[in-house]
Amino acid sequence: MRDSRRYRIAIHLAALAVSLVILAPFAWLIIASLSSQADLLKIPLSWIPSNLSFSRYSQIFSSASGTIFANFRASLVNSLIVASTTVVISMTVGVFGAYAFARLRFRGQRATLLLFLSTYMVPPIALVIPLYLIMVRLSLLNTRIGLIIVYCTFATPFVLWIMGNYFQTIPRELEDAARIDGCTRIGALFRVVLPLARPGLLSTMLFAFLIAWDEFLYALIFTSTTAAKTIPVAIAEFTGRYTTDFGLQAAGGILAAIPPVLIAVVFQRYIVGGLASGAVKG
Amino acid sequence: MPGEQKRTTRRGFITTTATASMGLYLAACGGSSSSSSSAGGASSSAATSSAAATSSASGPVTLNNLFQQQAGYSAADLAGMTKLFEQANPNIKVNNTLVAYEALHDKIVAAAPAGTYDVVLGDCIWPAEFGSKGIVQDISSEVKTLPTSQIFPGALVMADYKNKYYGMPWILDTKYMYANGSMLKKAGVSPSSLTTWDGVVTALKQIKAKGLVKYPWLGSWSQAEAVVCDYAQLLGAFGGKFLDASGKPAFQSGGGLKALEFMKMMLDQGLADPASTSSLEEDVLKAFAQGKIAMNLNWTFQLAASLDPKQSQVSKDNVMILRTPAGTAGGPAPGCNGGQPVMITHGTKHPKEAWEFVKFITSQNVQNQYVADSLPIWSASYDDPAVIKKAGKQLVSVAKTQLPNMILRPQVANYNAASQALQVQIQDALLGKKSPQDALNSAASAFSSQGPPA
Amino acid sequence: MTDTTAQLPPAGTGRPPTPRAGGTSWRARTREGRFALALLAPSIIVVFGIVVYPILKTLYTSLFAVDTPFGGHFPWVGLDNYKFALQQSDFWSAILRTAYFTFLSTGFELVFGMGIALLLYAPLRGRWLFRTIVVLPWALPTIVNGAMWRYFFNAQYGVVNAALTQLGISSSYHAFLSSPFAALNIVVWADVWKNTSLVAFFLLAGLTTIPRDLYEAARVDGYGRWGSFVHITLPLLRPVIVVVLVLRTIEAFKVFDIIYVMTGGGPANGTQSIAFYTYQRAFSDEYFGYGSALAYLIVVFIMVLAIIYIRLLRSDNYGMA
Chain B
1 MRDSRRYRIA IHLAALAVSL VILAPFAWLI IASLSSQADL LKIPLSWIPS NLSFSRYSQI
61 FSSASGTIFA NFRASLVNSL IVASTTVVIS MTVGVFGAYA FARLRFRGQR ATLLLFLSTY
121 MVPPIALVIP LYLIMVRLSL LNTRIGLIIV YCTFATPFVL WIMGNYFQTI PRELEDAARI
181 DGCTRIGALF RVVLPLARPG LLSTMLFAFL IAWDEFLYAL IFTSTTAAKT IPVAIAEFTG
241 RYTTDFGLQA AGGILAAIPP VLIAVVFQRY IVGGLASGAV KG
Chain R
1 MPGEQKRTTR RGFITTTATA SMGLYLAACG GSSSSSSSAG GASSSAATSS AAATSSASGP
61 VTLNNLFQQQ AGYSAADLAG MTKLFEQANP NIKVNNTLVA YEALHDKIVA AAPAGTYDVV
121 LGDCIWPAEF GSKGIVQDIS SEVKTLPTSQ IFPGALVMAD YKNKYYGMPW ILDTKYMYAN
181 GSMLKKAGVS PSSLTTWDGV VTALKQIKAK GLVKYPWLGS WSQAEAVVCD YAQLLGAFGG
241 KFLDASGKPA FQSGGGLKAL EFMKMMLDQG LADPASTSSL EEDVLKAFAQ GKIAMNLNWT
301 FQLAASLDPK QSQVSKDNVM ILRTPAGTAG GPAPGCNGGQ PVMITHGTKH PKEAWEFVKF
361 ITSQNVQNQY VADSLPIWSA SYDDPAVIKK AGKQLVSVAK TQLPNMILRP QVANYNAASQ
421 ALQVQIQDAL LGKKSPQDAL NSAASAFSSQ GPPA
Chain U
1 MTDTTAQLPP AGTGRPPTPR AGGTSWRART REGRFALALL APSIIVVFGI VVYPILKTLY
61 TSLFAVDTPF GGHFPWVGLD NYKFALQQSD FWSAILRTAY FTFLSTGFEL VFGMGIALLL
121 YAPLRGRWLF RTIVVLPWAL PTIVNGAMWR YFFNAQYGVV NAALTQLGIS SSYHAFLSSP
181 FAALNIVVWA DVWKNTSLVA FFLLAGLTTI PRDLYEAARV DGYGRWGSFV HITLPLLRPV
241 IVVVLVLRTI EAFKVFDIIY VMTGGGPANG TQSIAFYTYQ RAFSDEYFGY GSALAYLIVV
301 FIMVLAIIYI RLLRSDNYGM A
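Chains as they are written, first to last, in the numbering used here: chain B, 1 to 282; chain R, 1 to 454; chain U, 1 to 321.
Be aware that one or more of the hints could be misleading.
To be verified - Quick look at which bits of chain R chain U covers, simulated, 3 or more residues with Cβ under 8 Å:
1) 106 to 116
2) 130 to 140
3) 222 to 230
4) 273 to 281
5) 410 to 420
6) 426 to 437
FYI, nobody ran anything at the bench for these hints, they're computed from the structure.
Using N, Cα and C, we set each Cβ at its ideal position, and we do this for glycine too.
Looking at chain B on its own, in the form it has when it is part of the complex:
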């Protein structure tokens, strides 16, 4: 075995250190969500508060409609729908385009890619008002579809860029072999390239999901009711004009983190599952 004992200890220690840096804030987030306001303000701070209460969570889950808590529940659903649909559309559309960039040669190729990438470079603030007008004209204001359409406009260049580069790292011989066997280009794309690109595909999907999940400015301006409000907006409303119950934001944050974590957990095995053996190359 090439892995010496020292190596194994070293990597486990490193992993432990990283885990601590990641988990410590989360631990405190959870504690904050379960502590009373008074406990959080005590000096010296007691690390495990005296009274733990799940009242904030029960408030979130059981409050009547019209409250900020009910809004939060609705926003969870909205965010899930918007983010998933954005991923589906942008990945579908982007994968085809990425294949074109990676495998085909055509005039204006570099310029086109740069054009797509430059739409990704424009800060959202620049486009808010004209976009708002478009949303109004198309009656897409305060709708999930409106948000999805807007999110796809920056998720797609992102997918194009990443998947385009990723496809290039996949050796052509495999595709060529498939095509010699009678496959069409598209067939080769589906049968050969995509399965090989699975780790990259899944990483891109996770990344794209996050872009949509996290997006704040457009959601803030374009949505106003539970019909389309997403999580960042709902959590932002937990703050009063002058006061914030951080415990409530923490509770909201924890709940909001659960769906992405679940998704990542399910997919993470596929991200590394594919080519670890390296059987393909060589």
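Knowing the structure of chain B, use the given hints to seat chains R and U on it.
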């Protein structure tokens, strides 16, 4: 040949893009040109009469309004008021959207060309900006139909810009002075000495000398509107002015200069916690409620929070709410005006119904029913026993004397930019990077500076 | 379908085929061109269908003195808005701050991300647990992330202060977020904490495409772990690194959300990124023409950065980089 291929793909590419975008462009463009023609006269007086113009529908009307989450009035209060309104006006339906305060300004601006909202809640520092840009309507004629003499002048002035009313005051708020009664007692300070700022400084020194707390005062002097509010109070107390008669900055000398020097002095002498420059109202409340400071300025919300045993460690008897101090004995002691007016947007299709709604929720009758969360704009209410009972005697008695004396931050169309500059300069002075005089001079030039072409 | 592609490239490089002496036939290339168009058409519609109007409108707005959100006729100022921006010291301070933020956060994310990717790839016990943990910061909404770190560093009751004093490292509570420079670094940290795991997963996906036999061969040649990392892993990961670098740079240069939540640009504009500066000028001050000009200046800066990266770290990828 390469040329042909170039033509094919490029042409195809251009065609597809052009077709796809043309459709959307036309859809959006067609709309915006109509809004541009209607907004062409936005800043002109054409807008003034539109509120009076009839657009009443014979059928049911729906009002879409924008309010604030957790404003002085709670969401439940607003819902209650709205329900009463709908009962009194069966042909008008009202939908209220509530957003966080930070988002309020941006949503009003973004929605303006589209006319999404009919009635919007704003901050007292926005009527100048919104009025001059035609985002909200001039409703002077409507407001004058009300018995305005019965409204606190300090309330009405928040919606006044160049002698026109661009809204109606709805939420009234000012910063009071809070004190921890037990600390005062232990240091031998009598509350009557706290009517001037000198008296306050003496008291703070006494408390500090007694070792009760390290820093007896905490200011909300973070780089935010909050520091301008505290500064405004001091400026008014020392007899200063933000703008002179011709509208030019006057705060860099006289009372304005004294105010900033006073704030710096409090930090230098260890009376105000150095953390003041990163604290907001919320932090100040928490410090008070934990018994970590002796005195501070804050909005009305601190009272309820300090009396709530779940949030506060200060016992009820020791929570004192007082008038803000004056600069000199017997001199002015204004509180910073922090109210919020309701305004009618320019793009509303139902200005008449919108006015009915505004009139209703600002009426004495309705406001008196919801005093637990925000005090009325009508002076007579403060003598009403029912109001006193609901709002609490302690608050009503001090509010009655404080609310008639408020100082409004300057109503200039570029207030946001000017305030930002002022905030940065005040911070620089408090952090010791500049002298107060230099800081205010820089801020004054920002107030009157040209700004970008726009 | 007859294939007109030329000889196969050297194994394992994924390079596009080098053309034959006579060049590929134009008919084939036209077909390829049309095919490319068909593949790209949906992307074009999805992206440009919606944003081409706003992008053009904003560009158009930047040439006028626009101070209301309404349409209408405004005075033409040509490039004056741009000139004004370039003359403002506030503008350049914001650019410098943003550059600092970008390089620092991207640099840390790349370095830490690389380290974590290696760990994720390594034979750990309970690998799935470690992977789940690494995903967590990514899953937390930026809004909550910003509020969380602001809370942790609070001057009166923050966790960091509590830890420092209770561990005896510090004698009193510090107002970390009161100092402009410290606040900027704290924002960098909050950004790094959240985004490193993403970078790690991307690099991990890249790591998995490197055949293990290369490492075996390197070992035989006498390379240690560090040696094979530097001579095998890094070069082969270069394309992935460029991609991640370009993306994170774009994101960091546009940084807005976390500043909105954590510091609102303060203290004393210490955390005012160029996008936040633009937001303040365009929305809070309602200088829409100026704000539009600023937005396009941002695009120019980002594009220059992106092109620099791509050239500096260019692999021999035709067409993409």
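Hints the structure fails to honour: Nothing - there is no hint that the structure violates, so all of them hold.
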